[in-house]
Amino acid sequence: DQQVKQNSPSLSVQEGRISILNCDYTNSMFDYFLWYKKYPAEGPTFLISISSIKDKNEDGRFTVFLNKSAKHLSLHIVPSQPGDSAVYFCAASQYGNKLVFGAGTILRVKS
Amino acid sequence: EPEVTQTPSHQVTQMGQEVILRCVPISNHLYFYWYRQILGQKVEFLVSFYNNEISEKSEIFDDQFSVERPDGSNFTLKIRSTKLEDSAMYFCASSGAPLQFFGPGTRLTVL
Numbered sequence: 001d002q003q004v005k006q007n008s009p010s011l012s013v014q015e016g017r018i019s020i021l022n023c024d025y026t027n028s029m030f031d032y033f034l035w036y037k038k039y040p041a042e043g044p045t046f047l048i049s050i051s052s053i054k055d056k057n058e059d060g061r062f063t064v065f066l067n068k069s070a071k072h073l074s075l076h077i078v079p080s081q082p083g084d085s086a087v088y089f090c091a092a093s094q095y096g097n098k099l100v101f102g103a104g105t106i107l108r109v110k111s
Numbered sequence: 001e002p003e004v005t006q007t008p009s010h011q012v013t014q015m016g017q018e019v020i021l022r023c024v025p026i027s028n029h030l031y032f033y034w035y036r037q038i039l040g041q042k043v044e045f046l047v048s049f050y051n052n053e054i055s056e057k058s059e060i061f062d063d064q065f066s067v068e069r070p071d072g073s074n075f076t077l078k079i080r081s082t083k084l085e086d087s088a089m090y091f092c093a094s095s096g097a098p099l100q101f102f103g104p105g106t107r108l109t110v111l
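If you read the sequences in order, they're chains A and B. Under the numbering used here, the residues of the first sequence are numbered 1 to 111, in order. Under the numbering used here, the residues of the second sequence are numbered 1 to 111, in order.
By construction, these hints were calculated from the structure, which means they are not laboratory data. Even glycine gets a Cβ: it sits at the ideal position worked out from N, Cα and C. Be careful, since some hints might not be right.
Unchecked claim - Only some residues are given here: those of chain B computed to face chain A with a beta carbon under 10 Å: (1) ILE38; (2) VAL43; (3) ASN51; (4) MET89; (5) PRO104.
Working from the sequences, and respecting the hints, build out all of it.
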């Protein structure tokens with residue numbers, strides 16, 4: 001099941017710089033997209049979401065961009081902090097039902 | 001802040017034994033889910049539950065699995081006869097729609 005893809009297994013960024021995490025999807029019926037952050041041995045923690053009727057949603061240092069024509073979304077973290085180091089999962093749903101997850105991207109923010 | 005809780009945090013069992021994983025969702029949520037993550041793989045959907053019945057289940061959720069909400073607060077996942085391949089992190093999620101909030105997970109180890 002490759003409906004949601006995160007093609008970068010890992011990303012390393014200097015503290016204070018921008019982190020950009022990418023996600024692609026194939027199912028055009030998805031209408032809600034979420035980003036979760038996960039530490040080892042913990043559950044996914046909700047970060048930010050976006051509905052398909054929008055192309056941008058911002059919450060503090062986190063901004064999610066949605067390009068429906070390209071079936072692509074991205075999460076921007078500015079400025080990146082060492083505490084942001086974790087695994088980031090993109091997830092998508094249709095009508096708020098089950099979530100389909102990407103494989104995750106490991107973000108490491110170096111101080 | 002309300003949160004989803006799960007018990008136990010770690011369950012070790014012998015192959016063929018029954019296990020029950022427990023979750024206490026956020027109190028005013030109406031939609032409940034179980035997901036699992038096998039080591040090194042994606043988080044994958046198992047089952048969703050609404051209005052005291054299963055609303056959707058995945059191919060993984062075969063006759064060995066069952067869910068119930070016995071007392072209006074707990075939400076349980078039962079695996080009747082565990083297999084080695086059931087070893088995974090099991091996450092409960094609850095939702096007021098469309099956001100889903102996850103518990104910390106139960107690590108199930110089948111020997």
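Cross-check of the supplied hints:
A cut of 10 Å between beta carbons decides the hint on ILE38 of chain B: the least distance to chain A is about 12 Å, and the hint is violated. Of the supplied interface hints, the one on VAL43 of chain B holds, with its beta-carbon coming within about 4 Å of a beta-carbon of chain A, less than 10 Å. Nearest Cβ of chain A to the Cβ of ASN51 of chain B: about 14 Å, over the 10 Å cut. The hint is violated. Given hint, MET89 of chain B at the interface with chain A, holds; its Cβ is 8 Å from that chain's nearest Cβ, closer than 10 Å.
A distance limit of 10 Å between C-beta atoms decides the matter here; for PRO104 of chain B the minimum to chain A is near 5 Å, and the interface restraint holds.
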